[in-house]
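Engineer: Given next are the chains, with one letter for each unit.
Number of protein chains: 6
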Amino acid sequence: MKPQFIAGLADGQIVSSLFLVREKEIRTSLRSGKSWLELNLADRSGSIPAKMWDNFEALAKTFDCDDVVRVRGRVKIYNGQKELTLEQIVPTTASDYDLADFLPHTKHDVEKLYASLRGAIAGMKNPWLRQLLSSIVEDPLLAPRLKRAPAAMTMHHAYLGGLLEHVVSLVGLAAAVSAHYPELDRDLLLTGVVLHDIGKIEELRYVRSIDYSDQGRLLGHIMIGVRLFREKCSAIEGFPEPLAVLVEHLIISHHGTHEFGSPSLPQIPEAVMLHFIDDMDSKMAGIWATLEAGSADESQGNWTDRSPSLRRALLRAARYLTAAEALEAPVVGTRKE
Amino acid sequence: MKPQFIAGLADGQIVSSLFLVREKEIRTSLRSGKSWLELNLADRSGSIPAKMWDNFEALAKTFDCDDVVRVRGRVKIYNGQKELTLEQIVPTTASDYDLADFLPHTKHDVEKLYASLRGAIAGMKNPWLRQLLSSIVEDPLLAPRLKRAPAAMTMHHAYLGGLLEHVVSLVGLAAAVSAHYPELDRDLLLTGVVLHDIGKIEELRYVRSIDYSDQGRLLGHIMIGVRLFREKCSAIEGFPEPLAVLVEHLIISHHGTHEFGSPSLPQIPEAVMLHFIDDMDSKMAGIWATLEAGSADESQGNWTDRSPSLRRALLRAARYLTAAEALEAPVVGTRKE
Amino acid sequence: MKPQFIAGLADGQIVSSLFLVREKEIRTSLRSGKSWLELNLADRSGSIPAKMWDNFEALAKTFDCDDVVRVRGRVKIYNGQKELTLEQIVPTTASDYDLADFLPHTKHDVEKLYASLRGAIAGMKNPWLRQLLSSIVEDPLLAPRLKRAPAAMTMHHAYLGGLLEHVVSLVGLAAAVSAHYPELDRDLLLTGVVLHDIGKIEELRYVRSIDYSDQGRLLGHIMIGVRLFREKCSAIEGFPEPLAVLVEHLIISHHGTHEFGSPSLPQIPEAVMLHFIDDMDSKMAGIWATLEAGSADESQGNWTDRSPSLRRALLRAARYLTAAEALEAPVVGTRKE
Amino acid sequence: MKPQFIAGLADGQIVSSLFLVREKEIRTSLRSGKSWLELNLADRSGSIPAKMWDNFEALAKTFDCDDVVRVRGRVKIYNGQKELTLEQIVPTTASDYDLADFLPHTKHDVEKLYASLRGAIAGMKNPWLRQLLSSIVEDPLLAPRLKRAPAAMTMHHAYLGGLLEHVVSLVGLAAAVSAHYPELDRDLLLTGVVLHDIGKIEELRYVRSIDYSDQGRLLGHIMIGVRLFREKCSAIEGFPEPLAVLVEHLIISHHGTHEFGSPSLPQIPEAVMLHFIDDMDSKMAGIWATLEAGSADESQGNWTDRSPSLRRALLRAARYLTAAEALEAPVVGTRKE
Amino acid sequence: MKPQFIAGLADGQIVSSLFLVREKEIRTSLRSGKSWLELNLADRSGSIPAKMWDNFEALAKTFDCDDVVRVRGRVKIYNGQKELTLEQIVPTTASDYDLADFLPHTKHDVEKLYASLRGAIAGMKNPWLRQLLSSIVEDPLLAPRLKRAPAAMTMHHAYLGGLLEHVVSLVGLAAAVSAHYPELDRDLLLTGVVLHDIGKIEELRYVRSIDYSDQGRLLGHIMIGVRLFREKCSAIEGFPEPLAVLVEHLIISHHGTHEFGSPSLPQIPEAVMLHFIDDMDSKMAGIWATLEAGSADESQGNWTDRSPSLRRALLRAARYLTAAEALEAPVVGTRKE
Amino acid sequence: MKPQFIAGLADGQIVSSLFLVREKEIRTSLRSGKSWLELNLADRSGSIPAKMWDNFEALAKTFDCDDVVRVRGRVKIYNGQKELTLEQIVPTTASDYDLADFLPHTKHDVEKLYASLRGAIAGMKNPWLRQLLSSIVEDPLLAPRLKRAPAAMTMHHAYLGGLLEHVVSLVGLAAAVSAHYPELDRDLLLTGVVLHDIGKIEELRYVRSIDYSDQGRLLGHIMIGVRLFREKCSAIEGFPEPLAVLVEHLIISHHGTHEFGSPSLPQIPEAVMLHFIDDMDSKMAGIWATLEAGSADESQGNWTDRSPSLRRALLRAARYLTAAEALEAPVVGTRKE
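Chains as they are written, first to last, in my numbering: chain A, 1 to 337; chain B, 1 to 337; chain C, 1 to 337; chain D, 1 to 337; chain E, 1 to 337; chain F, 1 to 337.
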C-alpha cells in the first residue's frame, strides 16, 4: 500500500507518493505566454488537480494518461480547493505499485465474501450443480478474477470486488425467497445467482481503470458466461443435458426482457425470481450509493443528486422528517387542530 | 354451506342444490322447431351446462343471469361431458344462501391470515404507524371487507380473501428484505405493505361475481386507498404530517411507473422496495396458479398454458428433467461421451 | 416597488437598488493571483453580471445565493455587455423588499382575473358545484395563493399569477366549447377547469425562485388538489357523493394518459374535454411565449428558438410571407407564369 | 325513397321493398339434407336475417353480396328476433334505387351545412384564400362529392355527409378559438379547416358500402388533398407561393405527429390549433355516438360499450348520478353525517 | 410417395391413401342422438374434412391427432366443398410412410441448393473460415438436418428445406453486395450467412408438424447456433480466437436489435450487412408467398390478404395497372386534357 | 480554385488566401483589458483558429459570419495546434470565389456519376417511365442542382454531390436485387431510386453551408419531390394515371414507416425493396465515413467514434484481428491447446 492517499492530504503538507494520471495538459496563459503543466491525479480515495510551473517539457513526454507516476510536491489551498504544486514527476512500471491502491474497491473483506460463497455452495443438495459451481468458483485461474471483478461500469457495484459482493448479497436474498416460496428449486436458483454475471470477469477489464474489453463489447457478458459455463459443464462426466439447458436458460434470461439484452425470456419460476432479485439488489445498491454521496453535507438539502440507476433524485427521509419544511404553511390538512 | 358442489357430481346422480346462473338462453332446433332452456350453472367448485326441455317458458322469466337458483335434476354424460337435465328451477333471495359458496376463495384460513397480520402490526416500533394500521385493520366495518376482498380481477389472487393472502405474504417478504438490507425503515415498509392495495376493498365488488364498482373504475384503488388512509390518519391526534406524506407517497407510487397508473415515482428506498416485492409476489402467485392449472394432466406435455401475468407459457421443469424429449438426437453437446 | 430595474439600466449609471443574488463566486486570475467577487444579480426584469474588486472577503460571507441584497455601484459596458462594478453590498431581510419585484409575473391584472373567475362561478346553475368552487376560490387563506401561484416550473405560464391566468383562459374556452357542444355539462366542466391544477398552489413554492416543494415532489399537484377538494367538499353538508366522485375523476384524469401521470383515464365527456382545452391552452401559451422571445430582433431570421413545450422551432409566418426567401429560385411551381 | 325500411317492420307484416344484400349463403341441415338460402339484408335503418326455403337455387345465382335486390316476403319473430321469410327475389340495377336509402347518413340537412360553409368562406378577409376555398367548395364536380363523403371508415362521422358535418363543426370551433386567441390568423385557420380532409372525397368510396379506393390506400387523403389543392391553387393567377406553402403545411401536418401519418409536424400556431380542434371534434363525435348507442336500454347499466376512438368504455353520468349504486355501503367518505 | 394427394381428389373418387390426422372429434346431432366421427385429414398438398358414420367407436381409440392413418372412402361434394365419407381407418407406424408426403416443402431441388452452397464455400479465400463452414455443412449428421430444416414457424420459408433455400438466396445477395461494396470482407459475410440461422436445425422440430423443441423455446436458435459453431471451431487446431469472436458476433447480432432477441448490436460492417440482407430476404419471401396465395382467383380484387411478415395487405400491381378502377371518375389530375 | 487550403498549411508559412468565416468574436483579457479579434476560418479541407491583435475594430464591421474573406497572415503553432496570426482581412463578393472551394464535396467525378445515371435511364424498357426520368434528369434547370445537392444534412452523403452519388449507388443495388429477385419490376424500382430523394434539391440549400430551406422545413423533401414529379408527369401526354399513382406511392413510402415521416407504408414489392436499399446504402455510407475518420491514427485503438447513423461505435476489425488484445489472458476458450 502506498504511503499517502489523496483523501488524507492537508494544506501545506509535503507529498511524496504514487498517483494515477487521469488528465494531462500543457496550458498557456493568454498574452503572458507563460505555460505550465496541468494534471489531474487520482488514487482510490479521490482525485486532486496538480500544477508544475517549470522545467516540465521533457518530463511531460515520459508518461501518459492512465500511467502511475511518483510525484513530489506540496499541497496548497487555491480558491478554496486543495491542489498540488509539483517539483518532480517520475514514471513507474507495473511492478512498482499495487493496482488496488488506484481503483475503488468494495468495503467488504473479499476473503470473507469468498468464504461465504463457498459455504453456500457446499450446502447445496443437488450434486451436479454443487460440483459445477465448485469447479468454477474454486478454479485457481478464475477465483482471483472473481474476487477482483466489478459488477458494472457505472450504476451499481462499480468497483473492484463489486461482482463478488453482489453475488454474495444475492445468495442471501435467494435463501430468503426460497424459504418464503418453498415451491422454488433452491439449488437451481443459487446456480443462477452464482453464474448469471460470471461473464463479467471477462467483459470488464480493470487495467488502471474499469473498461469493457473488445470481446466484452462484441459479445457481452451473457455470451461469455454461457461459454465459460459450457466449458466447465462439459468437463463433468455425465452432467444431465436437460439440467444444463435450464442453467443456460437462467444465465441468458436474467435481464428479464429482450430490450435489456436477454436473448430469451424467463420461462421457469427460478429464472423469473433470479431476474427479480438481481434487479432488486442492483437498484438497492445504487440507492445506497446515491444516499451516501454527500450525506454528510447538511447544506445540500433534503434531496440527493440524481441516481444513475433510478434516473431520479431521492429524498433523504430522515432529514425531511426532522426538519420543518415550512417556509409557508401548507394549505391542506392543517385544519384538524 | 350448500349440500352439493359441481366438482363432486357423478353420472346419474340426483341433484338438489343451489347454483349461480352464469348463462341463460332459449334455443330452438333447426326445422324441428322444438325449443329448450339452456343454462350454464356455477358454484365455487366449477361450472356445468344444464338443459330443461319442457314447461320452461314461464319459469325462465322468474330469474336472470347472476341470480342464485335452487334446481332439481339429474346428471348425465353427453359427448363425454357432464351436464344436468333439469326438472325444476326455483328463484332464491340473498338470505337463502351464503355468497362464499359461489365465489372462489383462498385456500388459506382467513382468520389465521388476519391474526398473522395483526401480530405483525403489534410488533411495530413506530407508535404512529402502529396506531394507524391498527385503526384500519381492526375497524369493525373494514375488517370483514379486508378478509373478503380479492386482490385483483384476473392475473393473481383473483378470489375472495386474495387481498389478505397477498398482504400477509408481503409481510413475510418485507421482514426478509428488511433483515437483508438493514438500512430500510422496517415499519415504514410494513405500512406500505398493509395500505398499498387497501383501496381494493372498495374498487372491487363481489356480488355474485368479482367486478369493478363504478367508483373503482372512475377513481381506481390508489385514490380510494389514499382517501381511506387520510380519513383514518386525521382521526389520530398529532400524527406528524411529514410522516403522513411519506405513507401517502408509498401508496401512490407502488405501481412503480406512470405507465402502470402511479401518479408519482418511488423516491424513497422503502417505496422502491415496496414496488419490488409487490410485483414479485403478484407475479409469483400468477406463476404458481399457471403451473397448478392442468398439472395433473400428463397428456398436456411439458408446457403450461399462457400465463396471463407473464404473457408467456411456462416450462414444467420437473417433467422436462425426467422425460426424454429426444424424438431426434440433438446436434450439439452430444459428442462429449 | 424598488427604484431601479435591470432592464432599465444605462451605461455609466449609478445604481443603488435591491437585487436577488443568483450566482456568487470568488475568482482568481491565472498567475497574477489577484482575486475578485463575481456575482450574477437578478430582478423580475432580467439579470446582469457584477464584479467587486476590493475588500469583498468579509462581505461575501454575509449573504448567499437566493438572498436579496442592496448594492451600490456603477454600470459599465464590457465586451459589448452591461455589467455592474460594485462598491458596496448590504444584506437584507424579507421585510425589506417585495418578492414580486424579483420574480417574473403575469402581465394581466391579477385582480381583474380573479374577479372574472368569481363572476364565472357566480353564474353556475348547479348549487353544489357553485358552493364548492366559492368555498375554495374565496377562502381567505387560499385566495392570495391562488393569485400568486405559477402554472408550471417551465413550459407555460411559468410566472407569478400564471395559474390564475391559465384558469381564466380555460374558463373562456370552456364557455366556448360548451356552447358548441350543448351535450356537455357546463357546470361540471367549469368545476374541472377551476380545480384541475389547484394543487399547484402547494406543489410549487416561490421563495425567491419558483421550485417544487418537498411535498410537491413526493405527491404531485394532482394528489394535493384532490385532498384540498375533498376537505372543502366534506365541509358542505349533503354534497352528493356521486357528484364528488365525478369531480375527483375530472381532477385525476386531466393529464389524459397514465404516461403523463394521471392515475385514471377520462371516462366522461367533460373529462375528455377538460384534457383537450388544458393541453391546448398550455401549448398555445408556450407558442406565444416562444414567438415573442426575440421577436424584435430581425437578424434572427424566420425561425424561433426551439419551443420547450412543442420541442421544435416555429416559423414566424408574417416575416416569411413578406420576405423573399429566394436565394435560389425554387425548382417547382414556378412555371405556371 | 323506398317504401319500407327495416327499422319499421312489424311481426307478420308483408314486405315488398328494396334491400342491400350483405351476406348470402346456402346452408344444409345436418342429416336431413334439407337446404335453404340464408341472407342478411340491410338498408340505412338497420339489418335483418332472411331465409328462402324453396326454389332458390337458380335465383341465388342472379345476384351477389353488395347488390340491391327487390324482395317479397313476410316478417316473423324467431327466437325473439325479427326475420324475413322470402317468397321472391328480383335483381335490380343502379337506376332502380337511390343509394342514399342503403347507406347511413348524417342527421343534419346537408344543404344547410353547405350553405353554412359557403357563408363562412364569404366572410373571409384574405382574398387569395377566399378565392381558393370558393373555387373548391363551389366546383360543380366537387360540391356533390363534398356533400356526400363520409369523414372516416369507422371511429367518427362514418356516414354519408359526415365529412361536411365535421368540417362545419370545425368552422364553428375555429371561430371560437380565433376569438379566444386573437393572435391566430383566422382566415388561415379556416382554410386549414376546409381543406385538411378534402382528399377524403377521393380516398373513401361509397358504392353500396363505405370503403377505401385503391388510390386512397396507396396515397392516403393527405396526398390526394394536397394535389387537389395545388391544382386549384395553380389556377389562380398570382396566388403567392409562400401563402400556398403555408396552406400545404396545414394540410400535411394536421395529424399532429409522424406516427399518425403526417409527413411534417405543425410549425405555425394555426397548424397546431388545426390539429387540436380536428382531434377534439373527431373524439367528441365518437363520444356522442358511443353514448347514444344503447342509451334507451336501461338494462345496460351505467357504462357504454367500448368507444372505438377512445378505446375505453364511458360512464353514463346522468344515470350514475341518479341511481343508487349502493349494493354495499362505501367504506370511505360516509362518516361525515 | 403416397398414391393420392388431397389437392387432386375429385367428386365421387374412391380414395385409398395415407393422411395425417389434424383434428378428431366425435359429434352428436341435437335431439336425434345420432353420433359420428368427424376428422380433418391433411397431407402436404392441403386438407379435407372427413366423416365416418358407423362402427367408429373402437376404431377411434386406435389413433390420435398428428398420427398418420390409412383410410378408405369416397369423395363427395357437400355445401360446395369436398369431403370424405370414410369406410375404414387403419393406424400406421413411422416406417409405413415418408414424412415428406405430409409436410409442405420447398419447390427447389434440395440437392441443387446444397451443391450450390458447397460451391460457394469452396470458393472462399480465408482458409480458417472455409474449413469451419465445410466442417459444418458436410458433417454427415448435420447435412441431412440442414437440408430438411424450415427457416421459420410462420412468416417466411415455413416449410421443409426452407432454411437451405433461404441460406442459398443469401449467398447470392452476399455476393452481390460484396461486389457493390468492395470494403466488405466477403468471406466473413458469407460465414455469417451460412451460420446465422444454423441453430434452427435444433430449435425447430418437424415431427408431423413444424414446432419448437423444448430446448428451442428455452434457449432459441441463436444460442444453439453459437454452441454448435463453438464446438466445430474448437475442433480446428489453431483457429484464431479473434476471428472466432467476430463469427460469434455475426451470429448473435444478426437480428439487428435487442428487441428482436439479439444480445449484441452489429458493430462491424459485415454484421450490419448480414442483418440487412437477412431481413430483406425474409420479407421478400413473405411478400412472394402473400402475392402467390389466391393469385389465380380473379374475384379477389386488387389486394392480397394481410401479409403476416409485413402486417399489411399488398397491391397486385399488374391487375391494378390493367383494370379500370373507375367506378367514379377521380376528382384530381383529370383536367389536364 | 483558391491557392492555399487549410489542410496543407505548415508552421511559419505566409498565408494569402480566401476563407469562409465560421465564427467571429472580439475577446478581452481579464484585468489587462487588452482586446483582440478571434476568428474561426474554414474551407472544404478543414478549419483553423485565427487571431488579429491590432487595428481590427473597424475591419471587424466589414464582414460577418458565413462570409468569405481574403486574409494575409502567418501560421504559428500554439499549444500544439496550428493557428493563424492575421495582418489583413478583406471582404469579398460572390463573384470573387468558387463556392465549391468552401464546402465539402463528393470524391467521385460528378460528370461520370451523371453519365452513369443517364445510361441507366436510357436502358429502361418502360417508355413512360424512361420519358419521365429523362425529362427530370436532363432538365437544364434541374440537372445542375441534382449534381450539386447533398443527400443529407448529417448522417450520410452530407456534402455537395452526395445526392447524385447516393442515387448512382442505388442504381447499382437496384440492378443487383432485380437480377436476384426476377419478380421485381426493374423499371419501376429504378424510377423509385431516381425520384425518391429528388425533393432534396429544394429542401436543402447550400449557400456557404448546407442548411434546410424554409420550404424544406415546412414541407419536407417527400412533398417537394412529389410536386416536382407531378409537374413533370402532367407534361407527358397520356401518362397512365395508375402508373403515376404507383410512382407517387414509391416516393411517399420510401422511409418505410410513419415514424420516419412516410405518409404511406410500402404496399408493393418495389416500394418495400426501395426502402431496404435506400436504408442500406445510407447506413453503409455512414459506416464507411465513420471508419475512415481517424483511421490513420493508430493511437485511437480498435474502436471508432460513435457513428451518427448507427448510434454506436464500430470495431476496426482489421486492427483487432492483427493486434493482440491480451493484457490479460482470457478465461474461456484457452484450454484447447
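Please note: incorrect hints may appear among the correct ones.
As the list makes no split between identical chains, a pair holds if one copy fits it or if it spans any two.
[Said to hold, decoys possible] In silico lysine to aspartate or glutamate, DMTMM-like type, Cα no more than 25 Å apart, as pairs:
{"#": "1", "residue 1": "Lys-34", "residue 2": "Glu-87"}
{"#": "2", "residue 1": "Lys-82", "residue 2": "Asp-64"}
{"#": "3", "residue 1": "Lys-24", "residue 2": "Asp-305"}
{"#": "4", "residue 1": "Lys-34", "residue 2": "Asp-54"}
{"#": "5", "residue 1": "Lys-112", "residue 2": "Glu-183"}
{"#": "6", "residue 1": "Lys-24", "residue 2": "Asp-279"}
{"#": "7", "residue 1": "Lys-107", "residue 2": "Asp-211"}
{"#": "8", "residue 1": "Lys-107", "residue 2": "Glu-183"}
{"#": "9", "residue 1": "Lys-76", "residue 2": "Glu-57"}
{"#": "10", "residue 1": "Lys-61", "residue 2": "Glu-83"}
{"#": "11", "residue 1": "Lys-24", "residue 2": "Asp-139"}
{"#": "12", "residue 1": "Lys-82", "residue 2": "Glu-38"}
{"#": "13", "residue 1": "Lys-147", "residue 2": "Glu-23"}
{"#": "14", "residue 1": "Lys-24", "residue 2": "Asp-67"}
{"#": "15", "residue 1": "Lys-51", "residue 2": "Glu-259"}
{"#": "16", "residue 1": "Lys-107", "residue 2": "Glu-231"}
{"#": "17", "residue 1": "Lys-283", "residue 2": "Glu-138"}
{"#": "18", "residue 1": "Lys-34", "residue 2": "Asp-64"}
{"#": "19", "residue 1": "Lys-107", "residue 2": "Asp-185"}
{"#": "20", "residue 1": "Lys-61", "residue 2": "Asp-11"}
{"#": "21", "residue 1": "Lys-34", "residue 2": "Glu-83"}
No lab work stands behind these hints, which were simulated from the structure alone.
Engineer: Each hint needs a verdict: does it hold in this structure or not?
Structural biologist: Here's how the hints hold up against the structure:
no.	hint	in the structure
1	Lys-34 / Glu-87	both (17 Å within a copy, 24 Å between copies)
2	Lys-82 / Asp-64	both (23 Å within a copy, 22 Å between copies)
3	Lys-24 / Asp-305	between (28 Å within a copy, 21 Å between copies)
4	Lys-34 / Asp-54	both (10 Å within a copy, 21 Å between copies)
5	Lys-112 / Glu-183	between (30 Å within a copy, 21 Å between copies)
6	Lys-24 / Asp-279	neither (38 Å within a copy, 42 Å between copies)
7	Lys-107 / Asp-211	within (21 Å within a copy, 37 Å between copies)
8	Lys-107 / Glu-183	between (35 Å within a copy, 16 Å between copies)
9	Lys-76 / Glu-57	both (23 Å within a copy, 19 Å between copies)
10	Lys-61 / Glu-83	both (22 Å within a copy, 23 Å between copies)
11	Lys-24 / Asp-139	neither (40 Å within a copy, 57 Å between copies)
12	Lys-82 / Glu-38	both (14 Å within a copy, 21 Å between copies)
13	Lys-147 / Glu-23	neither (29 Å within a copy, 47 Å between copies)
14	Lys-24 / Asp-67	within (11 Å within a copy, 37 Å between copies)
15	Lys-51 / Glu-259	neither (46 Å within a copy, 49 Å between copies)
16	Lys-107 / Glu-231	neither (32 Å within a copy, 41 Å between copies)
17	Lys-283 / Glu-138	neither (29 Å within a copy, 35 Å between copies)
18	Lys-34 / Asp-64	within (22 Å within a copy, 32 Å between copies)
19	Lys-107 / Asp-185	between (32 Å within a copy, 23 Å between copies)
20	Lys-61 / Asp-11	between (29 Å within a copy, 21 Å between copies)
21	Lys-34 / Glu-83	both (20 Å within a copy, 18 Å between copies)
In summary, the numbered hints that this structure violates are 6, 11, 13, 15, 16 and 17.
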